[in-house]
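Number of protein chains: 2
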Amino acid sequence: MACTINVNLPESSYEIQIAPSTLDKLGEYMSKLELGRKVLIVSNPTVFELYGARVVNSLEANNYQVFTCILPDGESYKNLDSIKEIYDACIEHRLERSSTLVALGGGVIGDMTGFAAATYLRGINFIQAPTTLLAMVDSSIGGKTGVNHPKGKNLIGAFYQPKFVLIDPEVLQTLPEREFRAGMAEVIKYGVIWDAEFFAQMEASTHLDSIKTISPELLETIIKLSCQAKADVVGQDEREAGLRAILNYGHTIGHAVESLTGYTEVIHGEAVGIGMVAAGEMAAELGMWTKAETERQNHLIAKAGLLTHLPKINIDEIITAIQIDKKVRDGKVRFILPTQIGKVEITNEVPTDTIRSVLNNLQRM
Amino acid sequence: MACTINVNLPESSYEIQIAPSTLDKLGEYMSKLELGRKVLIVSNPTVFELYGARVVNSLEANNYQVFTCILPDGESYKNLDSIKEIYDACIEHRLERSSTLVALGGGVIGDMTGFAAATYLRGINFIQAPTTLLAMVDSSIGGKTGVNHPKGKNLIGAFYQPKFVLIDPEVLQTLPEREFRAGMAEVIKYGVIWDAEFFAQMEASTHLDSIKTISPELLETIIKLSCQAKADVVGQDEREAGLRAILNYGHTIGHAVESLTGYTEVIHGEAVGIGMVAAGEMAAELGMWTKAETERQNHLIAKAGLLTHLPKINIDEIITAIQIDKKVRDGKVRFILPTQIGKVEITNEVPTDTIRSVLNNLQRM
Ligand SMILES: NC(=O)c1ccc[n+]([C@@H]2O[C@H](COP(=O)([O-])OP(=O)(O)OC[C@H]3O[C@@H](n4cnc5c(N)ncnc54)[C@H](O)[C@@H]3O)[C@@H](O)[C@H]2O)c1
Ligand SMILES: NC(=O)c1ccc[n+]([C@@H]2O[C@H](COP(=O)([O-])OP(=O)(O)OC[C@H]3O[C@@H](n4cnc5c(N)ncnc54)[C@H](O)[C@@H]3O)[C@@H](O)[C@H]2O)c1
Ligand SMILES: [Zn+2]
Ligand SMILES: [Zn+2]
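Just so you know, the protein sequences line up as chains F and B, in that order. The end of the first sequence is residue 365 by UniProt numbering, with every number in the run present. The end of the second sequence is residue 365 by UniProt numbering, with every number in the run present.
Any given hint could turn out to be false.
Claimed, not checked - Heads up, simulated DMTMM-like pairs for lysine to aspartate or glutamate below, C-alpha to C-alpha not over 25 Å straight-line:
1) B/153 - B/88
2) B/332 - F/88
3) F/212 - F/24
4) F/151 - B/81
5) F/332 - B/88
Just so you know, the hints here were simulated from the structure itself, not pulled from any lab data.
Please put together the full structure from these sequences, using the hints given.
See below:
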C-alpha cells in the first residue's frame, strides 16, 4: 500500500509519498530529484535515536554525503539560536546551493529546518520526513516555516516549500499517545473545514484516540485525506491571501490557550481541539450552523481523546491574547467559523460579548 | 525631471521612481499602494540625521503612523543581532501583515530591512529608499536581502522584493566621495555586462569620479540606465537560476579581496572594480575578448577613481577564498567573463594557473 499526493503550486510543485517503511527509501526518492550530493539531516535526539540510522543508511546507499545537526528536543528550542546552530552546521560542512536539508522529526524540527533552508544562501533544497501525526498531516505540507520569538509563537518565518515530503506512518508506533491525539485535532479540522465525507468516515470508526486501536488502513486513509485537504487548500492559495486562512480554524482561541498555559500544560493540537469547540459554539450562537452540528463536531473531538472544555484561564487574558495574534487585521480579530460540516467562513464580525460568553460556558463545563 | 522604471516579475512587479527631492513624496507614493497604516523606518544615525525628518514628515502628512528603528552604522552590524532589533521594534509597535518597513540608507540598511521584512510574520511590505549610489543602482533592486555570518558575507538571506523603490539622487551630495566611487564600480559593471551604449556614454564624460563634477543630468542617466539594466536582468531571472549570475561580474575575486582585507581597507565597490579588472584580464588571457577591450574597461574604472591593481594580499589565500564562495557549484569556481563590451559569459573552466598568473600581474602593477 502506498500513495502519492501532489501539491500543485505555480512555482514549486512537489509530491507527498505515503507508505509504510518508506523511511528506508529516502535515498532512492531523492535520487530522482537531481539534488546535490551533500545532505544535512536535522533532527533531535529522541527521533534520531529511533530512526536516524535508517535514513542515514538509505542516503549513503545512494551515494549522498551525509551530515547531521541534532538539536535539543522541544518547542522551547524552536528559536533563532537553534537556527544559528543549523547555519553553523551548513557552513562547517560547506553546504552549497544544490545541497539539501532533511527534517527528520515533528513540526518543531520541520519548521526550523524549513526556515534554515529558506535562508541559508537565500534558499537551498529541503525535504520533510515528518515523524509525528501533526507534522504528517499539517506542518510538513504547505511551506510555512519559522521559529518563535520570546514575545510570540511563529513570529519569525518564511514561506518556503519542501522539494518532497516522505511519510512513513509506521513511525507513529513510537509516538507518545498524547502527541498522537493532538495530531488528531488537525485531522478532525480537515473534516470540518473541507471534507464532510472524511468527517463521516471518522464518525464511523469506533476508536480514534490511539494508534493501538486504529487499523493501519484507517490510519493511512486519515493521513492521505488530511494531506489531500491541505494540498487542495494550499494549492489554491499558497501565501494565505484568502482561502488558506481556513486552515486556522480553531487556532484563534487555540493559540491563546496554548500560550497562556505556557505551551506545555495544553499542547498545540489539544488547544486546537478546544479552539474548534469554541469556534463551533460561536457559530451556533450566531446562528451560522446548527446546535446539532456543533454536537457532532464536539463528539468527534472527544472520541479522539481531546479536551472539549476550557482549562482554568482568565478569560480577559484570552481576549487580550487574540488581539495581538497574527490573525488580526487593522485591529479586528478574524475568526474562521463553520457553516456546515465540511464548510467554513472567515469573519471579523464576532462580537466580543459572544466570544466572552462562549468561553465562559466552555469553562463551566 | 523624473522617471519611472518597472521591475517586471511574475509575482511581484514594482516601480522604481527616480527624481530629485522625491524623498519628500514617499508618503504620497505609498498612499497609491494601499498598505496598512503602520510604518517602521529602519535607518542608521548618519542617514537618519540627514534625511529622517523629511521622510517622517512625508509619511505623517499622509496619515501613516510612523515608528523608527535606528541601527548602528556599518557593515559589521549587518548581522542577525541587528535583525533581532528590527523584530523587536516590529513586535513592540505591533506591526501587522499589512504594515511596511522602509529602508532609509545604503545597502547595509536595505539588505537587513528586506530580510527582516521577508521573515517577520513570514513577510510584510517593504520599501527601499536607497541613499548611496551603490544602493540606488544595485542593492535596492532585485530582492536579494540578508545578513553576514561570522564565517562569511551574505550567507543568510532571502529573495524578497520591495513594493517600491524611491530614488532621490540629491541625497548623494552628502555621500562620502569614496562611497560614491565605490558605487560607480557597479555602474560600470552594467556597461560591461549589459549595455555597450551606456558604457560609451560614460567613456564620453570627462569626469566620473565625483558627485561634484558630474552633472545632475548625467547622474540621473547613470542611475536610470543602471536601474534599467538591473531590472532587465532580474526580470528575466529573479532567483538566479541562470542569467542573473552575470550581475556577479567582478565579484568572485572582488569578494575575496574584500574579505581578506577585512572589509574596510578595500570596500565592496572598490573590490568589485579590482575584480572586474581581474576578470577582464582573464578573459583576454583566454582569448575571450581583446586586449583593447580590457584596456577600455580598465581605463573607465580608473576614471571613476577606482583601484585597478591588487593590494598586497597572499594570492593563495585569494584562491582558497574563492573556493568557499557561494558561486561554487560542485567544487568548481564559476567566473563571469566578458566576450565584448556589453556581453559576458558564465564559465567554470578557468584554469587555476590562469587565475594565479593574472592575480600576480595585477599585484606587480
Ligand atoms: N508549519 C506549519 O504549517 C505548522 C502547522 C502546525 C504546527 N506547526 C508547528 O509544529 C510544532 C508542533 O509539532 P509537533 O506536534 O510535531 O511537535 P514536536 O515536533 O515537538 O514533536 C512532539 C514530540 O514527539 C517526539 N517525536 C516525534 N516523532 C516521534 C516518533 N516517531 N516517535 C517518538 N517520539 C517522537 C518529539 O521528539 C517531541 O518530543 C509547533 O511548533 C507548531 O507551531 C507548524
Ligand atoms: N542586495 C543586493 O543585491 C546587494 C548588492 C550589492 C551590495 N549589497 C550589500 O550592500 C552593502 C553595501 O552598501 P553600501 O555601499 O550602500 O554601504 P552602506 O550601507 O554601509 O553605506 C555606506 C556609508 O554611507 C553612509 N551613507 C549612506 N547614505 C548616505 C548619504 N546620503 N549621505 C551621507 N552618508 C550616507 C552610511 O551611513 C555608511 O556609513 C553590503 O553589505 C553589500 O553586501 C547588496
Ligand atoms: Zn495547528
Ligand atoms: Zn556588488
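(request) Would you pick out the hints that fail for this structure and give their numbers low to high? (result) none
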